[in-house]
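Taken in sequence, the protein lines are chains A and B. Letter 86 of the first sequence, counting from 1, is numbered 86 in the UniProt record's numbering, and no numbers are missing. Letter 147 of the second sequence, counting from 1, is numbered 147 in the UniProt record's numbering, and no numbers are missing.
Simulated from the structure, these hints should not be mistaken for laboratory data. Backbone N, C-alpha and C define an ideal beta-carbon position, used for all residues, glycine too. One should not assume that every hint holds.
Here are the simulated distance ranges between beta carbons [claimed, not checked]:
{"no.": "1", "chain 1": "B", "residue 1": "R137", "chain 2": "A", "residue 2": "G222", "range": "54 to 60 Å"}
{"no.": "2", "chain 1": "A", "residue 1": "L112", "chain 2": "B", "residue 2": "A184", "range": "19 to 25 Å"}
{"no.": "3", "chain 1": "A", "residue 1": "E106", "chain 2": "B", "residue 2": "R20", "range": "53 to 59 Å"}
{"no.": "4", "chain 1": "B", "residue 1": "K213", "chain 2": "A", "residue 2": "P195", "range": "51 to 57 Å"}
{"no.": "5", "chain 1": "B", "residue 1": "L53", "chain 2": "A", "residue 2": "P198", "range": "29 to 35 Å"}
{"no.": "6", "chain 1": "A", "residue 1": "L112", "chain 2": "B", "residue 2": "S124", "range": "38 to 44 Å"}
{"no.": "7", "chain 1": "B", "residue 1": "R214", "chain 2": "A", "residue 2": "D189", "range": "55 to 61 Å"}
{"no.": "8", "chain 1": "B", "residue 1": "L28", "chain 2": "A", "residue 2": "E106", "range": "52 to 58 Å"}
{"no.": "9", "chain 1": "A", "residue 1": "D189", "chain 2": "B", "residue 2": "A77", "range": "21 to 27 Å"}
{"no.": "10", "chain 1": "A", "residue 1": "I232", "chain 2": "B", "residue 2": "S76", "range": "56 to 62 Å"}
{"no.": "11", "chain 1": "B", "residue 1": "R214", "chain 2": "A", "residue 2": "S103", "range": "38 to 44 Å"}
{"no.": "12", "chain 1": "A", "residue 1": "R204", "chain 2": "B", "residue 2": "E71", "range": "52 to 58 Å"}
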Amino acid sequence: MSFDWDDDFNAPIAGPSFVDRARNAPEDDDFPIADEFGGGRAGILAQDVAEDTPFQQLIRHWLNERHAPDILPGQELLLGRLLDHIRKQSNDVELLRADPDSSEEEHFRIMLVQTEIERVKFVIRSYIRTRLHKIEKYARHIATTPEIHERLSKAELDHAKRYAKTVEYHFTQSVLQSLPPEQRKLDEDVAFMPPMIPAPDKLRPVFAHALVDCPPMRLPDGSATEMQKGQISLTPYHVVEHLLLRGEVALV
Amino acid sequence: MNSAGQFGDLATQLLTESRRSTATNTLLKYNDVLVRSIIREQRDLDSRIEALLINTAPPDDDDPDATLDAEKQKESARVMPTVLLYQTAILRNKRCLLAYHQHRLEFLKDLYWSVGGALPLLLSLPPAQAQGQPDIRSKLSPHEVDFLRSYAASLLTLRTEAFSSAAGAGHGLTEDIDLFAPIAHPPKDLQVHVRVVRDCGIVYTELGAIDFKRGHRFLVRRSDIEHLIVQGFLEES
Chain A
1 MSFDWDDDFN
11 APIAGPSFVD
21 RARNAPEDDD
31 FPIADEFGGG
41 RAGILAQDVA
51 EDTPFQQLIR
61 HWLNERHAPD
71 ILPGQELLLG
81 RLLDHIRKQS
91 NDVELLRADP
101 DSSEEEHFRI
111 MLVQTEIERV
121 KFVIRSYIRT
131 RLHKIEKYAR
141 HIATTPEIHE
151 RLSKAELDHA
161 KRYAKTVEYH
171 FTQSVLQSLP
181 PEQRKLDEDV
191 AFMPPMIPAP
201 DKLRPVFAHA
211 LVDCPPMRLP
221 DGSATEMQKG
231 QISLTPYHVV
241 EHLLLRGEVA
251 LV
Chain B
1 MNSAGQFGDL
11 ATQLLTESRR
21 STATNTLLKY
31 NDVLVRSIIR
41 EQRDLDSRIE
51 ALLINTAPPD
61 DDDPDATLDA
71 EKQKESARVM
81 PTVLLYQTAI
91 LRNKRCLLAY
101 HQHRLEFLKD
111 LYWSVGGALP
121 LLLSLPPAQA
131 QGQPDIRSKL
141 SPHEVDFLRS
151 YAASLLTLRT
161 EAFSSAAGAG
171 HGLTEDIDLF
181 APIAHPPKDL
191 QVHVRVVRDC
201 GIVYTELGAI
211 DFKRGHRFLV
221 RRSDIEHLIV
231 QGFLEES
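Chain B on its own, in the form it takes in the complex:
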């Protein structure tokens, strides 16, 4: 571990990273190295505590040796402040570690919603195709990819189950309400002018099949292509 710094210095670095991520609204690369060094610090602190406490182990009940007991109490009073310090450092480091991971999870969830729940799109976006958007997958730890997968699966289950038991509604919620459509502004018009930013093939709309080719403009029903806007294939103009 970093012997020059104080306990908890590394954890502070980790938190600074989270804060920077919030401030700039970017996803930073998962800092595996730092997380590992903090975990090493935790183990180190733990063994230090154990080494200190080994002399103050509670006396056996069968051994009522008063002088030894008093000595142990003295020893215990001597090391307790140190133990308390280590213990505080351990607790703080742990909370920082968890906070860092929690913060990343929240950020990933936001990302997931912002692309309209298209997980494959989010994970497989090659850097060239997404303008200015760097490759996201390389910034995730394997566990975070797993998390996103199970999160998406859970939401899918929710959508198929939701309100199927509600009065009269025979089908799930999914058919009527697209949960992933944007909720920032209520729709004002039925139709919307869009400009195609990326080819997305033939899409069946109210007006029939439309082949969305890059650079073309269309006037289409908003609800038909809203998900394509969210996923960045079309742009409102």
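If we strip away everything but chain A, and leave its shape as in the complex, we get:
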């Protein structure tokens, strides 16, 4: 049910052990009490043990998102399912709390469920904020690059466009409108200067953890290599990008 969280899991090293613990934790997303109400969920879980629970999936997406330099495809469906589940469990808890017949032991369990709900919410919050941070950082890049649009939810895309506009407006108002007309552009491409529209740095090294045996991947120097299941390697992000999107590796 509840598992050990690290005090400081912002520390990069906390990643792998945390994933493993999340994965091995029994029934971590579900709780016996909830089954009496929810019905059917135990069946869903039992039929495919290898299938991760939604919360475990979220943990993986959350870690990936936190470690990847680029914005990953949003997990709207997964979040929707988790939110529904949270809503349902909160209702169940309310019902049980209101029931005067609940025993002492049950009250203790209710407290555990409530704590767990808060912690799941924490991960969801952190996941959304991580995406928001990247979206704002690369807002102007996103606004001009249609390929990224499908990775964002509609609300996120709208926010990115609005944000890009707000920043450009601010620059124009504070600086650019006072400059001579030919200096007012925000997208100059000048030799020996970094580009004016920051884009994600896909060369940034990441730690990739192979979840299955991976097909060969091409390294920047032209040679090919393969990752066995369980192997962890440090590579530039773009090398493992397609494996990450297929869910064959996880960033840790």
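Keeping the supplied structure of chain A fixed, place chain B upon it in accordance with the hints.
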């Protein structure tokens, strides 16, 4: 403009200010004077370039005067290094100006998140009430206040729109997840001991209405009052 210094000196001062702000983690007052002088330097550089290039204007196509053309080429070769120097200074100044403003925007966004998205609180905080926190509004340029307002509005729209289309979720994200709650540490306990630092009136919690008066202590459900901790009304103890 500052004729004693080199081109770009002022812009360096501006960057130093940004760096100082990062190093001390404080918001410095918007340096309107310096920004304006750099913009004046930009205009000055621009007119200098124009004055230089006026003699090297490309010849008319109708006028195939070879000697004049050669002379112009010579003149152009003479002034080009100067033009290049001015041009580099212009580009650098512009980048510094933008970097300064960008840096401030990032800082303001951090501030905005750190008070839990309570923009009125951030902008109207009188110096007396916020312990040690100086008045923030006086340090902003009017455009920065505008920026914060539109940023807050954009986030509000995002929160109401977000995930409303997601499977089964009829309501927005806002109801379940408070985006502005802190994300530094996962919650460990349901309940938390708090000490009231500033009066915040009656708050409805799980245990019923509680009147938070300065100096009192309570044991309350964390999620009920988390935003009050973030905004500095309560302190964990």
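Practice item. For the range 21 to 27 Å, tell me whether the beta carbons of D189(A) and A77(B) fit it or not. Key: holds, 26 Å
Check your understanding: Could one say that the CB atoms of I232(A) and S76(B) fall in the range 56 to 62 Å?
Key -> holds, 59 Å
Exercise for review: State, for the Cβ atoms of L28(B) and E106(A), whether the hinted interval 52 to 58 Å holds or is violated.
Suggested key: holds, 56 Å
**Study point:** Supplied distance hint 29 to 35 Å, evaluated on CB atoms of L53(B) and P198(A)
**Key:** holds, 32 Å
Practice item. Indicate whether the distance between the beta carbons of L112(A) and S124(B) respects the range 38 to 44 Å. Key: holds, 42 Å
Review point. Cβ-Cβ distance between R214(B) and D189(A): within 55 to 61 Å?
Key: holds, 57 Å
**Study point:** 19 to 25 Å as the expected CB spacing between A184(B) and L112(A), which holds or is violated
**Key:** holds, 23 Å
Review point. Taking 52 to 58 Å as the hint, is the beta-carbon distance of R204(A) and E71(B) inside that range?
Key: About 53 Å separates the Cβ atoms of R204(A) and E71(B), which means 52 to 58 Å holds.
Check your understanding: Okay, E106(A) versus R20(B) on CB: inside 53 to 59 Å?
Key -> For E106(A) and R20(B) the Cβ distance comes to about 58 Å; the hint holds.
Practice item. For K213(B) and P195(A), compare the CB-CB distance with the range 51 to 57 Å and indicate the outcome. Key: holds, 55 Å
Point to revise | Consistency of beta-carbon spacing, S103(A) to R214(B), with hint 38 to 44 Å | key: At 40 Å between Cβs, range holds.
Check your understanding: Would you say the C-beta atoms of R137(B) and G222(A) sit inside 54 to 60 Å of each other?
Key -> About 57 Å separates the Cβ atoms of R137(B) and G222(A), which means 54 to 60 Å holds.
Consistency with the previously given hints is maintained throughout, with no hint failing.
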